[in-house]
Each structure stands twice: as C-alpha cells, then as structure tokens.
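Going down the list, the sequences are from chains A and B. Sequential numbering from 1 applies to the first sequence in this note's numbering. Sequential numbering from 1 applies to the second sequence in this note's numbering.
Be a bit skeptical, because a hint or two may be false.
Said to hold, decoys possible - Partial list, computed: chain B residues near chain A (C-beta under 8 Å):
{"#": "1", "residue": "15"}
{"#": "2", "residue": "18"}
{"#": "3", "residue": "107"}
{"#": "4", "residue": "111"}
{"#": "5", "residue": "155"}
{"#": "6", "residue": "158"}
{"#": "7", "residue": "159"}
{"#": "8", "residue": "160"}
{"#": "9", "residue": "165"}
{"#": "10", "residue": "293"}
{"#": "11", "residue": "396"}
As the list claims (entries may be wrong) - Simulated restraints on C-beta separations:
{"#": "12", "chain 1": "B", "residue 1": "243", "chain 2": "A", "residue 2": "81", "range": "52 to 60 Å"}
{"#": "13", "chain 1": "B", "residue 1": "222", "chain 2": "A", "residue 2": "6", "range": "50 to 58 Å"}
{"#": "14", "chain 1": "B", "residue 1": "184", "chain 2": "A", "residue 2": "132", "range": "24 to 32 Å"}
{"#": "15", "chain 1": "B", "residue 1": "184", "chain 2": "A", "residue 2": "176", "range": "23 to 31 Å"}
{"#": "16", "chain 1": "B", "residue 1": "126", "chain 2": "A", "residue 2": "64", "range": "32 to 40 Å"}
{"#": "17", "chain 1": "B", "residue 1": "188", "chain 2": "A", "residue 2": "132", "range": "30 to 38 Å"}
{"#": "18", "chain 1": "B", "residue 1": "180", "chain 2": "A", "residue 2": "217", "range": "27 to 35 Å"}
{"#": "19", "chain 1": "B", "residue 1": "243", "chain 2": "A", "residue 2": "109", "range": "54 to 62 Å"}
{"#": "20", "chain 1": "B", "residue 1": "180", "chain 2": "A", "residue 2": "64", "range": "47 to 55 Å"}
{"#": "21", "chain 1": "A", "residue 1": "217", "chain 2": "B", "residue 2": "166", "range": "51 to 59 Å"}
{"#": "22", "chain 1": "B", "residue 1": "184", "chain 2": "A", "residue 2": "109", "range": "19 to 27 Å"}
{"#": "23", "chain 1": "B", "residue 1": "457", "chain 2": "A", "residue 2": "81", "range": "37 to 45 Å"}
{"#": "24", "chain 1": "B", "residue 1": "458", "chain 2": "A", "residue 2": "176", "range": "51 to 59 Å"}
As the list claims (entries may be wrong) - Taking lysine to any residue pairs in the SDA-like style, the calculated list, with each CA pair at most 25 Å apart, reads:
{"#": "25", "chain 1": "A", "residue 1": "196", "chain 2": "A", "residue 2": "36"}
{"#": "26", "chain 1": "B", "residue 1": "65", "chain 2": "B", "residue 2": "323"}
{"#": "27", "chain 1": "B", "residue 1": "169", "chain 2": "A", "residue 2": "176"}
{"#": "28", "chain 1": "B", "residue 1": "169", "chain 2": "A", "residue 2": "67"}
{"#": "29", "chain 1": "B", "residue 1": "169", "chain 2": "A", "residue 2": "15"}
{"#": "30", "chain 1": "B", "residue 1": "169", "chain 2": "A", "residue 2": "89"}
{"#": "31", "chain 1": "B", "residue 1": "169", "chain 2": "A", "residue 2": "52"}
{"#": "32", "chain 1": "B", "residue 1": "169", "chain 2": "A", "residue 2": "114"}
{"#": "33", "chain 1": "B", "residue 1": "169", "chain 2": "A", "residue 2": "21"}
{"#": "34", "chain 1": "B", "residue 1": "169", "chain 2": "A", "residue 2": "64"}
{"#": "35", "chain 1": "A", "residue 1": "3", "chain 2": "A", "residue 2": "23"}
{"#": "36", "chain 1": "A", "residue 1": "150", "chain 2": "B", "residue 2": "105"}
{"#": "37", "chain 1": "B", "residue 1": "169", "chain 2": "A", "residue 2": "36"}
{"#": "38", "chain 1": "A", "residue 1": "3", "chain 2": "A", "residue 2": "21"}
{"#": "39", "chain 1": "A", "residue 1": "150", "chain 2": "B", "residue 2": "1"}
{"#": "40", "chain 1": "A", "residue 1": "176", "chain 2": "A", "residue 2": "196"}
Quick caveat, the hints were computed from the structure, so don't treat them as lab data. From the three backbone atoms N, C-alpha and C, an ideal C-beta is built for every residue, glycine too.
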Amino acid sequence: MLKAEKLSKNYNGAAALSELNLEVNPGEIYCLLGANGAGKSTTIRLFLNFIQPSSGRALVNGMDVTREPLESKRFLAYIPEQVMLYPHLSGAENLEYFAALAGHDRYSRGDIEGFLRRSGLQDDAHHQRVSTYSKGMRQKVGIAVALAKKAGALLLDEPTSGLDPEASNEFSVLLKQLRDEGVAILMATHDLFRAKEVGTRVGIMRRGLLRADLDPSELDHADLERIYLEHMHD
Amino acid sequence: MLRQIIRKEVRETVRDGRFRWGAALVGLLLFLSLAAGFAQRQEVARAHASAEAMSWAQWLDQGDKNPHSAAHYGIYVFRPVSSLSFVDRGVDPYMGVSTWLEAHYQNPFEHRAVQDTPALARFADLTAATTLQLLVPLLILLLAFRSFSGEREQGTLRQLLSVGVNPRKLATGKVLGVGVALGLLLVPAALVGALALLMAGPGGGAVANEGLRYLLLVGTYLAYFGIFTALAVGVSALAPSSRTALALLLCFWIGNGLLAPRIASDVARSQLSLPSSLEFQASIQGDLLEGFDEHPPRELRQAILRDSVLASYGVDDPAELPFNYAGLSLQSGEEYANLVFDRRFGDLARRVEGQLELHRRMGFLAPHLSVRSLSMALTGTDPAHHERYAAAAEGHRRLIQRILNEDIMVNSRFGETYIADGSLWSQIPEFEYKGPGAEWALAGQGTAAAGILLWLLVGGILARVGASAVARRA
Chain A
1 MLKAEKLSKN YNGAAALSEL NLEVNPGEIY CLLGANGAGK STTIRLFLNF
51 IQPSSGRALV NGMDVTREPL ESKRFLAYIP EQVMLYPHLS GAENLEYFAA
101 LAGHDRYSRG DIEGFLRRSG LQDDAHHQRV STYSKGMRQK VGIAVALAKK
151 AGALLLDEPT SGLDPEASNE FSVLLKQLRD EGVAILMATH DLFRAKEVGT
201 RVGIMRRGLL RADLDPSELD HADLERIYLE HMHD
Chain B
1 MLRQIIRKEV RETVRDGRFR WGAALVGLLL FLSLAAGFAQ RQEVARAHAS
51 AEAMSWAQWL DQGDKNPHSA AHYGIYVFRP VSSLSFVDRG VDPYMGVSTW
101 LEAHYQNPFE HRAVQDTPAL ARFADLTAAT TLQLLVPLLI LLLAFRSFSG
151 EREQGTLRQL LSVGVNPRKL ATGKVLGVGV ALGLLLVPAA LVGALALLMA
201 GPGGGAVANE GLRYLLLVGT YLAYFGIFTA LAVGVSALAP SSRTALALLL
251 CFWIGNGLLA PRIASDVARS QLSLPSSLEF QASIQGDLLE GFDEHPPREL
301 RQAILRDSVL ASYGVDDPAE LPFNYAGLSL QSGEEYANLV FDRRFGDLAR
351 RVEGQLELHR RMGFLAPHLS VRSLSMALTG TDPAHHERYA AAAEGHRRLI
401 QRILNEDIMV NSRFGETYIA DGSLWSQIPE FEYKGPGAEW ALAGQGTAAA
451 GILLWLLVGG ILARVGASAV ARRA
C-alpha cells in the first residue's frame, strides 16, 4: 500500500533522507523510531507530496505521489502531532468538511456521529466547537477523518506525543482495530513502548538512513531499547 | 464539494465576531446612507418641481406686456433629480440646480449645493456610493485577507491538502464563500434600494429605464466586489503571512480609493485645463461684441442685416417693411448668439468630457475610477446627464425667443409701443424634459466597463496563481 523506492531528500546538499526502501502492506503498522532530524517526518511528508523528493519514488497504492498528487491522496489519511482543525466549527462540522473535501460528501449526520463515536470522541463533544477540545479529542477527530475517508493507508507523525497515558492507550487500541481492518499504517514516533505495543515492524532511523528493520514480536522492551541506543551512539 | 467549501467558509465567517461587528457597522452605514439619500432626493425633487411650477405660473400670469419684456422676465427651470440619486449623487452637488431662460443669453446653472456647505461638512457627506465604493471593499479585504495565509498559519492548510483537495476548487470556494457571507448584508440592501426606487415613482423624468439602470448598477457593484474578493484571496495565498497580506491589500485599498481619485483629477487638470467662470463669460461677451471667425462685430453685423433686408424688399426705411423689423432684428441677434453659445459651451463640454475620459482610462490602474464613472452614469448623476438637460433647457429658451420675436414681427408695427395680450404667454409650450435611458447612459462608458473587466481578470488570475502556489507551499 505504501512503498518507498530509494527515496531521498537533500536540503542544500545535506541529506535529510538517503535511499529509503520501505514497504507497508495492508494490516501492518510500521513504526519509525529515531531522534529529531533522523528523517522520519521527511519520509511522511514525501508520501504526502508536501515536499518533492530529490530522487527515488514514494508510491501509494502503486501511484507515484508526485505524478498523481490528488488521486494518491484519496487513499491516505494524515494525523500529525497536532491535528489542526477549524476552531469556530464543531468536531462534527470539521469532520463533515474534511470528508467532503476528500470526496465523501454524502454522509448523513448519523454517519458523521458514528465515525466520531468509533474514534472514541464522547457524544456530548460532537457538536461543541473545536476551540474547547483537548489535544486528545482533536487526534480523535483526525482518526474519524481517516475512517470517513475509508483510507487504505494512514500516515502518523508522532500522533501520541503529549497525550496522557490513557488517551495514548485509547489511540493504540484504535490503531490496532484499523490494522485488523486491513489499513496500512506508517507511524513516526519517539515512543519505544508504543512502537513495541502496536508495531508489526519497527525501523530505526538515524541521519536519514534506515539503520535497522526489526520484528518487535521477537524482542522484549529491554531488547528494543538496547538496540535503539546502540544505533544512536555508534 | 464546492458547496461544502462555501458552507464552511460562510459558517466560519458568520461565527467570527469581527465579521459580525464589521458587517453590522457597514450595513448600518449602508442603510442609513440609502435612507438619507432617499429622503434628501425626495425633498429636493419636490422643491424643484414646485419652484418650477411656481415660475411657470408667474410666466402665464404676467398680464399684458411687450413680448420682449416678457422674454426678459423669463422662466426658471429646475433640473429634475434622478430617482436613482439616493444611491449615488455623482456631481449633483457641484452642478447648479436651476437656470433662467431669458432673452439673448444662455445662462449657466446656478445654486450649487456645495456653495451652501461648509468645507468640513463635505467629508461627512456619506452616500451609499461612498459606502459601496470604499467601505464594502474594506470589509471584503478584512474578511478575506486570512483566507489562505490564516489556514497556513493555523496548520489547517496542511490538513486540507492531505485529504487531496484541488487547491483551485478551494480558492473558488473561498471567493464564493466571501460572496455568500457578504450577500447576507448586500441582498437586503439591494432589496431596500429596489423598494426605494419603487417608492420614488417616475421621478420627474430625469432618467428613463430606472429598473434596468438599477439592475445594471447592482451588477456593476457586484463585479467591483468580485475584484476585491479575488484579489484578497489571491494575495492571501501568495503572501508569506497574513500580516503581509493585510498590509499589501490595505496599500491597494488606499491607492485605489483615496489616492487614485486625487491623482486622476490633478492629471486631468494639468492635461486639459478648464477656463474659470470669469474667463468663460468674458470669451462669450467677446464673441458677441467683437464677432468671431468670419462674423463681424455687433454694430457691423446689425448694419449688414438692416441693409440686406431693406435691399431685398426694395425699401429705404424699416417702417416700410410689411413686418416689424424690430422682431426680425431681435431674432437675428438670438441666432447669432446661439452660434456663440454652441461654440463656447460645446468647447467647454468637450474639455470636461476629455477630463472624464482621462479618469476612465486611469481606471485601468485603479478600478475605483471605473466603478465611480459607471455608477454616476447609471444613476444619471454624471456630467453627461447634466449636459443633456442643459442642452434641452437651452433648446427651450431658443423656442421661447423665436415665438415671441415672431409675434413682434407679425403683430406690431416698427416704432410703435406694442403691448401683447396676456394670452400670448400660454402659446409657449411648458418645458418638459424626458430623461435618457440606460443605453444612452452607457454609451460613453466603454472604457470604464473595460477597466472593471480588466481588473476582474487580474483578480481571477491572481487567485488562480495563488491557488497553485498554495499546493507547492504547504
């Protein structure tokens, strides 16, 4: 569903991402670990076509995102560290708007509330203005957008940073549900614990290079942390 | 999808306190200026009509007297006020409202409203046209300057682009969204205007086709607002920040609405100067006394006329002619003077028209000048409409002189003291002016219309370029 082929990005000669090869299939959660500046966000932004690759290709459902910028996004949903919404609109109105822009403009009020409920947003918040929402509530609207879009691939950029443990846990439960429904998920994160919890695979990045590609089911938390630190310090 | 974009833009706008206050303020000003303009128009129209009727009654009632005395007694006519002047007073305050139709002389229009106005009060003269030409555009800029830059700053733009929206459609939706929000204010205002027009009735005949003129006026202002909306959305997309977008747009607003009219009048004045009132009157007096081109001075002119008339009738004394020579001489004097008036007033009108066309051409640089010209033309308050009325009044003056002079020629003897019967005055037809239609009003406005269209195109291109840039600079 998501595929990077020798994907590279240079900024003024400095490599932000070097020849990344990566594939995330339906039903997989690929967690990218690494320090700030390791190239995790760059990877996600390349898939979104927010930036142009210096070389290589980013494919979504087989489509080169630079060649088919609008078509490829139909399969994508994006949840950044901070899901940005319109403060003067309610959660339901925001969801309705983003869904409509993605081409799903026939949802009823009931459908919209259904997506919000599935994302774990409490009913009494659906029609309140987003300006009153906590960060966790906004992230849930972001998930609801992904649900409403029926996206085949989810791009997450540190989606749980700053969430309290309970909200973070709820988020993980949702991701697992989506994975089980066959969504391909690529998540950039600092959270080793979450990565081990939800990831079907874990990649460790440093200075634009994918240094390791691990199967977390074969490791315990301590192993993962040790390997991660080894890669950070050599 | 477009529908949802528009709905979201309108929702956000309407929920924004700044819009509510701004729109309420502009709306209040618009309704007040419409109401005040309407009340003033009705009052002035009534006053003009009754003053003209009074002057006509006095004319009919002057009793037995010499027709030439009656010609000097004269009639006052008052320019009817356009029933659309409640929207735009145009140059009405700067033009005289009445003229005196008397023997020998085409009098200029007297009694300008600005003469009775203290200088400072001119700035307080709020008309619907000022509100529409200056304040509504300002409201549009304040509504739209954040349309893209604000979304970029609050991060929603990236979210939007991640769902795969076509940026061009987004820009279109934003432009139309501003239009709909503004419609909440402008549609009621347009309806109030239509109601005022109906209440004004067929207003003294200053203009014809009022309904069509009003529709065209509404269309012109819509196009003008479209320019500002498209420009604001385009600049918002291209500017690095909302702050820069606002600064750029305000600069344009000031240049367009405040500086351009001043610069245009300075340029027009320096390119095509108008004679002062004193110089103008002196030039007419000079022509009348000294003659012009092949026309000899007055004394000689009169001697030539007398000799040629006497020769053609084969007599030696005017008293021997079969008609009263005094009447012929008076009429001949009128006809010579008419040549002078046509030449001098025509030259003045051409200079004024040249200045106005210069203003309209400068509309390619500042659309305010174009919309101002179209608005005045459609409301029937531009110099061309004044000119047309003045020409009609002058035509009537010439008719009065001819009828009275012919009466002297036919019904009296040379040298006698002739007193005409009071019934003669009613043989003069009452002056009735029929105002021009919309087509006539627009005949000279091609440049202004082209200016509006050009700027619409510029706005559209800017919005399109902005939309494409947005996709690249998430």
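Do the hints match the structure? See the list:
1. 15: Since the shortest Cβ distance to chain A is 4 Å, the answer is holds.
2. 18: Not OK, violated: residue 18(B) not within 8 Å of chain A, min 11 Å.
3. 107: Constraint on residue 107(B) not satisfied, violated at 63 Å.
4. 111: Since chain A brings no Cβ nearer than about 54 Å to residue 111(B), farther than 8 Å, the hint is violated.
5. 155: holds, 3 Å
6. 158: holds, 7 Å
7. 159: holds, 5 Å
8. 160: holds, 6 Å
9. 165: holds, 4 Å
10. 293: Since chain A brings no Cβ nearer than about 74 Å to residue 293(B), farther than 8 Å, the hint is violated.
11. 396: Result: violated, 63 Å to nearest chain A Cβ.
12. 243(B) <-> 81(A): 52 to 60 Å: violated, 25 Å
13. 222(B) <-> 6(A): 50 to 58 Å: The hinted range 50 to 58 Å holds for residue 222(B) and residue 6(A), with Cβ atoms some 54 Å apart.
14. 184(B) <-> 132(A): 24 to 32 Å: holds, 26 Å
15. 184(B) <-> 176(A): 23 to 31 Å: Violated: the Cβ-Cβ distance is about 47 Å, outside 23 to 31 Å.
16. 126(B) <-> 64(A): 32 to 40 Å: violated, 59 Å
17. 188(B) <-> 132(A): 30 to 38 Å: holds, 33 Å
18. 180(B) <-> 217(A): 27 to 35 Å: violated, 55 Å
19. 243(B) <-> 109(A): 54 to 62 Å: Check failed, 38 Å falls outside 54 to 62 Å.
20. 180(B) <-> 64(A): 47 to 55 Å: 38 Å Cβ-Cβ, so the 47 to 55 Å window is violated.
21. 217(A) <-> 166(B): 51 to 59 Å: violated, 42 Å
22. 184(B) <-> 109(A): 19 to 27 Å: holds, 24 Å
23. 457(B) <-> 81(A): 37 to 45 Å: holds, 42 Å
24. 458(B) <-> 176(A): 51 to 59 Å: holds, 54 Å
25. 196(A) <-> 36(A): The given pair, whose Cα atoms are some 19 Å apart, holds under the 25 Å limit.
26. 65(B) <-> 323(B): Cα-Cα ~19 Å, so holds.
27. 169(B) <-> 176(A): Answer violated: residue 169(B) to residue 176(A) is near 35 Å, above 25 Å.
28. 169(B) <-> 67(A): Holds. Residue 169(B) to residue 67(A) sits at ~19 Å (cutoff 25 Å).
29. 169(B) <-> 15(A): violated, 35 Å
30. 169(B) <-> 89(A): holds, 21 Å
31. 169(B) <-> 52(A): holds, 22 Å
32. 169(B) <-> 114(A): violated, 28 Å
33. 169(B) <-> 21(A): violated, 35 Å
34. 169(B) <-> 64(A): holds, 23 Å
35. 3(A) <-> 23(A): Status holds; Cα separation ~4 Å.
36. 150(A) <-> 105(B): violated, 86 Å
37. 169(B) <-> 36(A): violated, 36 Å
38. 3(A) <-> 21(A): Distance of about 7 Å is within 25 Å: holds.
39. 150(A) <-> 1(B): holds, 17 Å
40. 176(A) <-> 196(A): holds, 12 Å
Consistency note: the structure conflicts with the earlier hints numbered 2, 3, 4, 10, 11, 12, 15, 16, 18, 19, 20, 21, 27, 29, 32, 33, 36, 37.
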